[in-house]
Amino acid sequence: MKKDKLIFWTATIIIALMEGLMPALTSQTELAKEGIRHLGYPEYFGNALVIFKILGVIALLLTRIPKRIKEWAYAGFGFDFIFASISHGAVDGIGMQTFFPLIVLIILIISYIYYHKINAVKSSNN
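Positions 1 to 126 (UniProt numbering) are the ones given, in order, by the sequence shown.
Just so you know, the hints here were simulated from the structure itself, not pulled from any lab data. Each residue gets a CB set at the ideal place from its N, CA and C atoms; glycine is no exception. Check the hints yourself; a few may be wrong.
[What the hints assert, rightly or not] Ranges between beta-carbon positions, derived for each pair:
1) I51 - A90: 38 to 48 Å
2) G95 - K5: 28 to 38 Å
3) K33 - R68: 11 to 21 Å
4) A75 - Y44: 16 to 26 Å
5) K3 - Q28: 34 to 44 Å
6) P42 - W9: 32 to 42 Å
7) G76 - L25: 19 to 29 Å
8) K3 - F45: 37 to 47 Å
9) K67 - I103: 21 to 31 Å
10) A75 - L17: 14 to 24 Å
11) P66 - V91: 35 to 45 Å
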């Protein structure tokens, strides 16, 4: 059980740092805005994305958030990573920018699997 919690929290904190803290701190830089424009998205899309990422991270980190909301957060991040990979591949061709979101998706999947493992143990103990 301790190992499962350690894996879950490690993966979840990596997601929180990459998808919550970093975008919150860097989304208004010119580099970030240029990245959104480079992919062909309007600037307001980047702002909306940051808001939803922060809300998603809050949903994943707070233990009192209902399970259904957490499921939506996991799904939202999954879609985000898949479509980020597709966007980079379509605009820049196949490269590290195409694969990096898929690597982060694997970390998200690890968090998701261990979230369910931990909750299955909690349910069986009740």
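Verification of the supplied hints:
no.: 1; hint: I51 - A90: 38 to 48 Å; result: violated (24 Å)
no.: 2; hint: G95 - K5: 28 to 38 Å; result: holds (36 Å)
no.: 3; hint: K33 - R68: 11 to 21 Å; result: violated (34 Å)
no.: 4; hint: A75 - Y44: 16 to 26 Å; result: holds (23 Å)
no.: 5; hint: K3 - Q28: 34 to 44 Å; result: holds (39 Å)
no.: 6; hint: P42 - W9: 32 to 42 Å; result: holds (36 Å)
no.: 7; hint: G76 - L25: 19 to 29 Å; result: holds (20 Å)
no.: 8; hint: K3 - F45: 37 to 47 Å; result: holds (39 Å)
no.: 9; hint: K67 - I103: 21 to 31 Å; result: holds (26 Å)
no.: 10; hint: A75 - L17: 14 to 24 Å; result: holds (20 Å)
no.: 11; hint: P66 - V91: 35 to 45 Å; result: holds (37 Å)
Violated hints, listed in ascending order, are 1 and 3; each of the other numbered hints is respected by the structure.
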